[in-house]
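The lines below spell out each chain.
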Amino acid sequence: MIGTALASAMAAFAAGAVFALAWPSGAGARRLSLASAFAGCVAALVLGVDMLDSGISWTWQSQAVLQPLGGVSLRVDPLGAFFVAIVALTGAPASLYALGYLRELDGRLRGRAVHALFNVFLAGMCLVPLADNAATFLFAWEVMALSSYLLVVSDPEQEGAAAAGLWYAVMTHAGFLALLAAFVMLAQNGPLEFPAMRAAAGTLTPAAQSTSVLLTLAAFGSKAGLVPLHVWLPRAHPAAPSHVSALMSGAMVKLGVYGTIRVLFDLMPPLSPWWGGAVLALGVVTALTGVLYSVAETHIKRVLAYSTVENIGLIFVGLGFALLMRAYDSGVLAAMGLVVALLHTLNHAVFKSLLFLAAGAVVHGARASSLEALGGLIKRMPHTAALCLIGVLALAAVPPLNGFTSEWLTFQLLLAGARYTAPSLAIMLPLALAAVALVAGLAAVSAVRFFGIAFLALPRTDGARDAHEAPLTMRAAMAMPALACVVLGLVPTLAVTQLTAVVSDLGLPMGQLDTGLALSLPLIGSRLWPIAIAALMAAAAIAAVLGTRAARGRQVRIDAAWNCGRIAQSPRSEYTAAAFAEPLKRVFTGFYRPTHEVTVEVHPVSPYFVRAITLRADLAPWMEQAIYAPVVRAAQRLSAQASRLHTGSIHLYLALLPAALLVLLLLGRWIR
Amino acid sequence: MTTVVLAAAELLFLAILAPAVVGYVRWLKARLQSRRGADLFQPYREFRKTFAKGMVIADTASWLFHLAPYVVVASTVAAAVLVPVFSASQAGDQFGDLFALMALLILGTMFLALGGLDPGTAFGGMGSSREMTVAALTEPTLAIAVLALALTAGSSSLGVITGTLLTTPANAIGPGHALAFAAFLIAMLAETGRLPVDNPATHLELTMIHEAMILEYSGPYLALLEWAAALKLTLLLTLAANLFVPWGMATSVGAAALAFGLVVVVAKIAVLATLLALLETRVAKLRLFRVPELLAVSFTLALLAATSSFFTR
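Residue numbers (the numbering used here), protein chains in the order written: chain U, 708 to 1379; chain P, 70 to 382.
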């Protein structure tokens, strides 16, 4: 079953790539290739769900390709299956969405390339969680990285796409190098198979262990977007087509989470508590940084990209907690931490792909991507607005949607940790809890701002005024994750029971779980019954509606809003995105370090006659500049030095070739 | 079955009492300011009047404007169900805990803010922005205060917290309890938009927060929003009273015990409301950008409470 599902998924992706490139008509290529991608995702979902249900692992090996590096080795275990399911869950709506979203590209080669790469990207992401040796893992990882890079730079008309691609390529390849080094260290001259690495990991020296943990965190953190390695996310997401952004945020960054879990929880023995604390702190810093910038950004996709950074932070809070508890030998708490992290991974994949698809529909419909240029879309795009509202409510972690359940569990987790562990954590866990609460509150601000400024009030530009609703395929595609948000929010036990199988496979059994509709985990003294809360709210709302209907025998008058006596209401008087975030920018001024520059142009006759006032407010992320500017400068200096070799003399180049060969040979001999 | 009936009775009690609490605070403030003041039934009359009036809806408003009052009411009612009022048997524990209550209140706040943004007026946006800012900054304080309570009780369920305190009153003497109480009270002022964070008596001023968001609402919608705000105040006062001073709650289902519990909880709410009126008469409104400082004080208190509960458990 699993073998068939995997083979059909890969065959579908391959067929999709071929259709995209070879089918005679552009429209046919788009339809067939995206249908193949959709079918592939369905097959991958079948694989994931079947594995999680049956619990029987499946392996497959071949020496036909990648032979010198150890061949291809695949293994489906519950953890991998879960992540394959996440890829499939975000991939399927994205494929359907692209059907309507990229119709304009039918006549162009670029459209074909995007569809083909999309299939390759999906295939790479499905393979990463199944790899069972370093060679397969790195190969799939690189397929995923390269195809997504090409998708990021696929739109040459997009401003800044090339620069975004460069950032992305550099970060992802630095991560690749770190990953390679981590695998080599973990293998300790043994074979680069995961089972062998698992067996050998216990014998690592402390220094080697610390180095490999650091390298792992750097490698997967650069993919997941841990601060300060998150810099590519807010650049690459706006440049990529929206369905690709949805896949990148929903699935690809999650594979960074997957890698971290695979190495730190599966391959490596329990680490010292120090590492758990460090990962937890890193998660908190990432979440706070992400949410604070997501509150202040005005480009809609950058708002969402920073919110992805925030959510990755929350996931790593769970992971750090699990690492910490594993070190303290509290198996059940560690298992809970991992379950919460994985549940949030799933929840975030669902609602963030929904939001990116909605953002794409907004850009598509209103031809603008800055919040300041939007407004009033709820009237022109009511369906997109309703679906997006579900997404932002999930993002803000309010009941009864799925974001809330993982948020609630994170709170419970930190509470249980504070209750059952050493007093040495007496300050750390409450502070982490406070930070998570602040993140939740700020996420609500960001959600209100995102939805309120883009969809409500009056349109701020002509593009927003003439916006059109998204085509049916796009709306249907958005409805899929929206439905998942609601279902996972109302019945979280659907996912949680599967996740206990995943963590017990990693050697962290969690004990018997409630499998009813209410959520309660071991060691947690409280329950959450989301479907009952939803029913309560529905009952109260219905009562209020009926009461209002009964009372409203009198007229409802539609009239102009109160504008302090101004007669005409114009969008110039409504709150902007920048204004909405202003109080928080002032409160966290030490974090943002905003720059203000006011120039007043006065009449030559008297300084009291002001002609114009211009205000430039900028919010450049100073931490990024502090860290990356020296690196960029050093790289530029090095390349300037290297370019001095490029004299144009062919003799010099020919002389350099054997010199390089000699150096390599000597190096090889020395290493041997 | 009895627990369900009790829970429904408690909800009904809070729902009916809510306008009276607002009326009482207003009356007492008026007396303290040497005014005669309307009696405590005035909010009921206002509710009846506004509820029966026609509505004026802004021509720029969308369907969200109509949805928001209902969501605000629904989330506040759901939050009220979780609150233990006069009986220690707590059906609300089946639904959720203090963290769920916080999230429900945030849901209401979000829809208030969205409803404020929808007509596209400057006041609405201003109120929304400020309300969300204050709400976000209050979250960590509330979370830590909840943590401090939950650490001693072993659960964040409201019924368990009050129940533990009823059976082991010694817990209430610890420093953690008092600190958490103080922190909670400050956070509550911010949550419910009272002085010194927001002035509930102001209307059409640049300093207003809550009133600015509901400026465009009229008729039944306004009545619902005003009632939801009153319910939120009442439920948070009840919460403060019962989480920190649960004595007097009925531990059995006898009529005498329940009647006694009812009287005691009204007395407790009255004491807290009196304190609120005194405070609102004494202090001036803080500048918006000074509010974080107030919340920082509250946060520090809550953190101290949480850490001290590690030593007393």
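Hints in this document: simulated from the structure, not taken from any laboratory.
Given the structure is predicted, the values throughout are model-derived calculations rather than measurements.
Some hints here could point you the wrong way.
[To be verified] Computed list of chain U residues with no C-beta within reach of chain P, every gap over 12 Å:
(1) Ala-718
(2) Ala-734
(3) Asp-760
(4) Pro-775
(5) Phe-846
(6) Pro-898
(7) Ala-915
(8) Trp-981
(9) Ala-988
(10) Ala-1103
(11) Pro-1178
(12) Ala-1245
(13) Glu-1308
(14) Arg-1340
[Claimed, not checked] Derived DMTMM-like pairs: lysine to aspartate or glutamate, alpha-carbon spacing no greater than 20 Å straight-line:
(15) Lys-98(P) x Glu-115(P)
(16) Lys-1086(U) x Asp-1212(U)
(17) Lys-354(P) x Glu-280(P)
(18) Lys-118(P) x Glu-280(P)
(19) Lys-1292(U) x Glu-280(P)
(20) Lys-1086(U) x Asp-128(P)
(21) Lys-1086(U) x Glu-1176(U)
(22) Lys-98(P) x Glu-280(P)
(23) Lys-122(P) x Glu-1176(U)
Backbone N, C-alpha and C fix where the C-beta goes; we use that ideal spot for every residue, glycine too.
- Query: Against the structure shown, which of the earlier numbered hints fail to hold, in ascending order?
  - Reply: Failing hints, ascending: 10, 12, 16, 19, 23.
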